[in-house]
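Enquirer: Heads up: the sequence lines are chains A and B, in that order.
Sequential numbering of the first sequence, starting at 1, is according to the numbering used here.
Sequential numbering of the second sequence, starting at 1, is according to the numbering used here.
Keep in mind that a hint or two might mislead.
A pair holds if it fits inside one copy or across any two, identical chains being indistinguishable in the list.
Unchecked claim - Calculated lysine-lysine pairs in the BS3-like style (CA-CA distance at most 30 Å, straight line):
hint : residue 1 : residue 2
1    : Lys170    : Lys31
2    : Lys4      : Lys31
3    : Lys140    : Lys170
I should point out that these hints are in silico values taken from the structure, not numbers from a laboratory.
Nothing here was measured: the structure is a model prediction, and the numbers come from that model.
There are 2 protein chains.
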Amino acid sequence: MAIKLYDLCSADKNSRFSPACWRTRMALAHKGLEVETVPTLFSEIRSIEGGGQTTVPVIADGDTVMRESFDIAVFLERAYPELPSLFRGEGGIRTSQFMHWWTNATVDSQIARFCILDIYNGLDEKDKSYFRQSRETRFKRPLEQVQDRSEEAVVRFRESLLPLRLTISKQDFIGGDVPIYADYCIFGSFQWGRMVSDFAFLETDDPVAKWFERCLDLFDGLGRNAKV
Amino acid sequence: MAIKLYDLCSADKNSRFSPACWRTRMALAHKGLEVETVPTLFSEIRSIEGGGQTTVPVIADGDTVMRESFDIAVFLERAYPELPSLFRGEGGIRTSQFMHWWTNATVDSQIARFCILDIYNGLDEKDKSYFRQSRETRFKRPLEQVQDRSEEAVVRFRESLLPLRLTISKQDFIGGDVPIYADYCIFGSFQWGRMVSDFAFLETDDPVAKWFERCLDLFDGLGRNAKV
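Same shape as in the complex, but just chain A (with noise of 0.2 Å):
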């Protein structure tokens, strides 16, 4: 039986933009697990599985219902140990919690500043005044300030990726030849800027970028074929 997905969309039912989301989608994709992805509004999440939850991405496998990408991620490691592995190995799961952190701290907040009026305008209605809301108590500030492409903003993202280059340019992914759960974990970052919006982050022959496009094409261009 599919393992469901619930995965956050915008208007358009088939836009599947969440970070956290996509870190779980990839994740079931290296384990070969079959998956049906139920597109939820984020005004809908309240409602999943019988009510309780907050925020997604959630999965319902058989009767286990489980929360927070990085949970599911070690939940999939552990129900299915003869899967192609995320971590490859427990410590590999103690330092991919650090990248988790990591991600959300350095490559998330900046994003969504580059992003967030493109993510607004992109929601369904029933979404929108939600997302003001919350997303304008959390920055302090309206949708329209919290917006910044200023170069500087940029010059300091790419900057903080500097970690991500280095480990990234004498090889294809963070776990070498292979992907694991920390390259998934940071490219659900750029994927949901890839989603939302056309600015470029990115300089096409940073390192960084070239690696986002091998991890594009990944499991058959799951990733690249969600963007038309």
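Add chain B to chain A, keeping to what the hints say.
Expert: Frame of chain A, contents of chain B only:
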């Protein structure tokens, strides 16, 4: 036979302050390997083990000479698989490489700016001109203008530690209940600051400061006892 560790020292040969050497020192202790440290001035690095070295740490394990802290840790893991694991699996090695670069790019670069004059003042007279020249080339200004302990710089430093803070707020070490190489990698940077300076980078109630205190206690206080 003990493994030789060529360990950077200041004018006081007992003061070992290199962040990279501390990574190796802790990795050797984690493996429970016997070590003989060789105090080494900057100006002595080129004559280590017959010449050809440009940086420390360098280790000599019998006939095998290795350099670069990360490569040394991987070497120790593979050469002594029966001793306590530094990485807990291949995935841990891959993601720890990212954390090595994060530590260099984020932690070391900022601690250098807090402490560079303290480092300089503690050096042996034979090392001072090399240090001044190489660091002034790197930072493109006099040492006296590199050092920056402004409140803005301190706040930015503390904020940049968020991924580490989130990781160790609910567990003792990045490795969970037990430390792994990723802990030693970042520990080395804070120990560097502690060895050369009394400047308080961290607030004492910061979870990062508490994690650092736990690291200082490891291996019968190996880190703590290095400074009296």
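Enquirer: Checking an output row: Lys4 and Lys31, CA cutoff 30 Å. Within, between, both or neither?
Expert: Within one copy only: 14 Å inside a chain, 44 Å across chains, cut-off 30 Å.
Enquirer: Could you place Lys170 and Lys31 in one of the four classes (within, between, both, neither) given a Cα distance threshold of 30 Å?
Expert: Both: 26 Å inside a copy, 29 Å across copies.
Enquirer: Is it within, between, both, or neither for Lys140 and Lys170, if the alpha carbons may be no more than 30 Å apart?
Expert: Cα proximity of Lys140 and Lys170: across copies only (28 Å, versus 41 Å in one copy).
Against the hints set out earlier in the document, no violation occurs for any number.
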